[in-house]
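Since chain D is already given, all that's left is putting chain S on it; use the hints.
Next come the chains, spelled out residue by residue.
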Amino acid sequence: MNECREYTQMIVRFFSKDLTGEEEKILNEHLEICEKCKKEFILQEQMEFILQKRPLSEAPVAVIEKVLSIIPERKEVYARPYFNWRVAVSIAYGIAAWVIAALSFHLAHQPGGIGAFIERMSTTMTHFSLTLESPSFIIGTVIYSLVVSLSTLFIFWRSQLRQVSAV
Amino acid sequence: MLTFVKKFVILETKGEFVRLIIMNKDIDKDFVTRLKSGDKRAFEKLFTEYKNMIYTIVNRMVYNKNKVDDLVADIFVKVYQNIQRFDERSKLSTWMYRVAYNHCLDYIRKAKSDPLESYEPLDSKFDLSSNSLDPEKTVLKGEREQVLYALVDSMPERYRMVLNFYYFEEISYNDISEIMGIPMGTVKTYLFRAKEYLREKMKKLGFYE
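Going down the list, the protein sequences come from chains D and S.
Those letters in the first sequence? Residues 1 to 167, per the numbering used here, in order.
Those letters in the second sequence? Residues 1 to 209, per the numbering used here, in order.
Next comes chain D alone, as it looks inside the complex (with noise of 0.2 Å):
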């Protein structure tokens, strides 16, 4: 009898991963032998799932809302400058952009250049009887450098956006 008490306080350790390899062997031995504690060990298993598959009871909306309104809001201030992707890609973007822009130009004025070969190629200018010089053409360039910086400058201003002082 006090034997299986023995075994039956193993068998609740077993359960609760406590139990060394040793001594796991001798449980399932003595478990192949004596009814007693097999019953004893189904009990438990049973206990067990039923613990386990207890469920987490679900937070009332009330409390959400609750806490998401108490929370501070944060506001965004300029923090010190700092490099990461977004200035990487920033700085890269607007290099680029002008780097291009000012080929184009240089390269549209060489007599005979790749400028004066993109007009006589080009379809669309052909068909809205453009030329490098003509207005539409300077506008859309304009309105294309203005683009390019903008947008250089807003990824660059969200780069150096950080949430860090709570109001």
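No lab work stands behind these hints: they were computed from the structure.
Treat each hint with caution, since some may be false.
Unchecked claim - Okay, the calculated bits of chain S under chain D, using three or more residues with CB under 8 Å as the criterion:
id, region
1, 90-104
2, 155-163
3, 179-190
Claimed, not checked - Keeping only pairs whose Cα atoms sit at most 25 Å apart, straight-line, the calculated BS3-like set for lysine-lysine is:
id, chain 1, residue 1, chain 2, residue 2
4, D, K66, S, K40
5, S, K188, S, K201
6, S, K110, D, K17
7, D, K39, S, K203
8, S, K40, S, K78
9, D, K66, S, K110
Everything numeric in this text was worked out from a predicted model, so none of it was measured.
Glycine is no exception: its CB is placed at the ideal position from the N, C-alpha and C atoms.
Here is chain S on its own, set in the frame of chain D:
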């Protein structure tokens, strides 16, 4: 490489990947950094993932159900305000459970000394020394689970919470020890005694023959 990929995905998509990391309890350092920098959206993600867990801890620890909502809100505000103190030596979840556990303990202590607080332990409702639960009724209703859960809820706080933490998500002994501020050996002892108590009670009540 893995760290790089994780960082990249977090920066790119923010939402879903961060959620997965939290669910796996593998909190990325970047996520903690975001929390520490006061990123409200990161905190909202954290709250969404842990609200039920924290609510359950409070619900199972505190008997005054009218106070549960307030306590849960207080705990999340505490987490938000004290996130800088999280030293990242333990898991974020473990740290949060510890904040919740200690906050509930404080409340229970205060409630015990304050006659205006309606602190009513279940122990007074369930006289465990006698068979006050009607086994026949409950057996007939097939409510073995409910009786077992009621027995768990009526146990003294430390035994009850060791048992609850152990079954929540199979939190390790080490984590339970950290959450409750007791040695690991004591955690094992409480768990063993709690399980033995439950088995004996269930047998006495006639659920297992």
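Results of checking the hints against the structure:
1. 90-104: Our answer is that it is violated, as 0 residues pass the Cβ test (under 8 Å) against chain D, missing three.
2. 155-163: violated (count 1)
3. 179-190: Not satisfied, violated; 1 residues make the cut.
4. D:K66 to S:K40: With Cα atoms ~15 Å apart, K66 of chain D and K40 of chain S stay inside 25 Å; holds.
5. S:K188 to S:K201: 20 Å, holds
6. S:K110 to D:K17: The hint is violated at about 36 Å.
7. D:K39 to S:K203: 12 Å, holds
8. S:K40 to S:K78: 14 Å, holds
9. D:K66 to S:K110: Between K66 of chain D and K110 of chain S the Cα gap is close to 23 Å, so the pair holds against 25 Å.
In this structure, the hints that do not hold are numbers 1, 2, 3 and 6, in rising order.
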